[in-house]
Amino acid sequence: MDFTDEQIERYSRHIILPEVGGVGQKKMLDARVLLIGAGGLGSPAALYLAAAGIGHLGIVDFDVVDLSNLQRQIIHNTERIGTLKTESAKQTILALNPDVEVTLFNERLTSQNIMRIFEGFDYVVDGTDNFATRYLINDACVMAGKTNIHGSIFRFEGQVTVFKPKEGPCYRCLYPEPPPPGLVPNCQEGGVLGVLAGVIGNLQVVETLKLVLGKGKPLIGTLLIYDALATEFRRLKLKRDVNCPVCGESPKITELIDYEEFCGVSR
Amino acid sequence: MPVKVRIPTPLMKLTANQSEVTAEGNTISEILNNLDNQFSGIKERICEENGSPRRFINIYLNEEDIRFLDAEKTQVKDGDEISIIPAIAGGH
Chain P
1 MDFTDEQIER YSRHIILPEV GGVGQKKMLD ARVLLIGAGG LGSPAALYLA
51 AAGIGHLGIV DFDVVDLSNL QRQIIHNTER IGTLKTESAK QTILALNPDV
101 EVTLFNERLT SQNIMRIFEG FDYVVDGTDN FATRYLINDA CVMAGKTNIH
151 GSIFRFEGQV TVFKPKEGPC YRCLYPEPPP PGLVPNCQEG GVLGVLAGVI
201 GNLQVVETLK LVLGKGKPLI GTLLIYDALA TEFRRLKLKR DVNCPVCGES
251 PKITELIDYE EFCGVSR
Chain G
1 MPVKVRIPTP LMKLTANQSE VTAEGNTISE ILNNLDNQFS GIKERICEEN
51 GSPRRFINIY LNEEDIRFLD AEKTQVKDGD EISIIPAIAG GH
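Protein sequence lines, in the order shown, are assigned to chains P and G. In case it helps, the numbering used here puts the first sequence at residues 1 to 267. In case it helps, the numbering used here puts the second sequence at residues 1 to 92.
Some hints could be false.
So the derived label-pair ranges between C-beta atoms look like this [stated by the list, open to error]: (1) G/48 to P/70: 39 to 47 Å; (2) P/95 to G/2: 23 to 31 Å; (3) G/48 to P/194: 30 to 38 Å; (4) P/82 to G/16: 39 to 47 Å; (5) G/63 to P/81: 41 to 49 Å; (6) G/26 to P/259: 46 to 54 Å; (7) G/24 to P/83: 53 to 61 Å; (8) P/8 to G/17: 48 to 56 Å.
Heads up, incomplete: computed chain P residues facing chain G, CB under 7 Å, no partners named [unchecked claim]: (9) 37; (10) 41; (11) 105; (12) 121; (13) 128; (14) 129; (15) 155; (16) 166; (17) 179.
Hints listed in this document are in silico derivations from the structure and should not be mistaken for laboratory results. From a predicted model like this one, the values you see are computed outputs, not experimental measurements. We treat Cβ as the ideally placed atom computed from N, Cα and C, and that holds for glycine.
Let the hints inform the model, and build the full structure from the sequences given.
As structure tokens, then:
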């Protein structure tokens with residue numbers, strides 16, 4: 001299996017799990033996961049994926065670390081304020097686990113660069129903060145056949161699901177079009193309990209690892225809703241829509257769309 | 001017949017911050033009208049003018065999306081739970 005002594009020790013708590021074993025750990029070391037956003041969801045996701053020994057992580061972000069990020073974006077720290085989030089994330093990841101090969105994309109995702117960035121990755125963890133990018137990621141995942149591990153948060157509530165092309169629905173099967181600006185709340189204005197990003201980002205990691213290992217039942221066709229105030233998880237069934245504009249029987253959307261970026265303005 | 005309706009965070013302003021309310025009606029459509037009588041303006045946030053849910057909001061009867069049942073005409077019975085689930089984008 002070609003583990004070094006150090007790797008056998010580092011991953012020993014995985015390797016002794018019958019569901020993982022040496023074979024599963026090897027799968028993780030060979031896996032290629034792309035994280036979109038090194039923010040609230042991306043921070044815990046990157047940390048746990050790296051700790052687990054996901055061998056190749058890609059990180060897409062164009063932003064710099066801001067003091068107001070640190071209430072939840074735990075991959076960064078106070079000393080890194082003003083530095084690129086991708087660089088900051090890479091530093092933390094390599095300090096945690098030098099086995100991980102990190103590729104950085106310091107750019108804003110657009111219809112022009114997304115397919116180039118997606119190349120070479122099998123799984124996409126969506127940790128963005130706006131509808132324009134979420135729809136772009138969805139459509140590109142459907143077209144390129146990549147599995148999209150979706151998470152989103154608002155105040156005390158989070159949603160997690162897995163969109164696996166052909167096997168289950170996609171984001172547009174749920175919501176065919178992005179909401180118009182003005183009808184959904186603004187993320188900054190809405191606020192978010194910092195640790196909620198940790199809960200949801202880590203659920204995205206659990207789903208990613210299950211998919212990589214081929215174990216358990218991933219959240220394909222199921223939307224998991226977490227209500228932190230009520231301490232409640234709810235599962236809702238998601239179905240493929242035969243009329244889906246991108247993954248349906250006769251798709252209307254065959255090219256990637258750059259929607260105007262907004263995260264919504266409150267009424 | 002009274003059913004439990006789960007209100008999503010973005011609409012809780014209209015329900016005096018209640019995440020769970022009770023509404024009366026035999027169909028989803030009647031439930032939505034009853035909700036609007038109790039919490040004025042909520043239906044307009046959930047539905048288009050023609051009464052069907054907006055495209056970025058889904059309504060579930062228990063675990064099932066009503067689009068795959070009888071949409072707004074879907075019958076509800078005592079003890080059912082209705083969830084209103086809007087798309088949310090936050091992640092940063």
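Chain G contact restraint on residue 166 of chain P - CB to CB distance below 7 Å
violated (19 Å)
Look at the Cβ atoms of residue 63 of chain G and residue 81 of chain P and judge whether their distance stays inside 41 to 49 Å.
holds (44 Å)
Next item in the hint list is residue 155 of chain P. Is there a CB on chain G closer than 7 Å to its CB?
holds (5 Å)
Go ahead and decide if the range 46 to 54 Å is satisfied by the Cβ distance of residue 26 of chain G to residue 259 of chain P.
violated (39 Å)
Between residue 82 of chain P and residue 16 of chain G, is the Cβ distance one that fits in 39 to 47 Å?
Roughly 42 Å apart at Cβ, these two residues keep to the hinted range, so it holds.
Would you check whether residue 41 of chain P satisfies its interface hint, that is, whether its CB is within less than 7 Å of any CB in chain G?
holds (4 Å)
So, residue 105 of chain P near chain G? Judge it on the closest CB pair being under 7 Å.
violated (16 Å)
Evaluation of the interface hint that places residue 179 of chain P against chain G, nearest CB under 7 Å:
holds (4 Å)
Interface hint status, residue 129 of chain P versus chain G (Cβ within 7 Å):
holds (4 Å)
Honestly, do residue 8 of chain P and residue 17 of chain G meet the 48 to 56 Å range at C-beta?
holds (53 Å)
Have a go at the residue 121 of chain P hint: is there a Cβ in chain G nearer than 7 Å to its own Cβ?
violated (18 Å)
Evaluation of the interface hint that places residue 37 of chain P against chain G, nearest CB under 7 Å
Since the shortest Cβ distance to chain G is 6 Å, the answer is holds.
Hints 2, 6, 11, 12, 16 from the earlier list are contradicted by this structure; the remaining hints agree with it.
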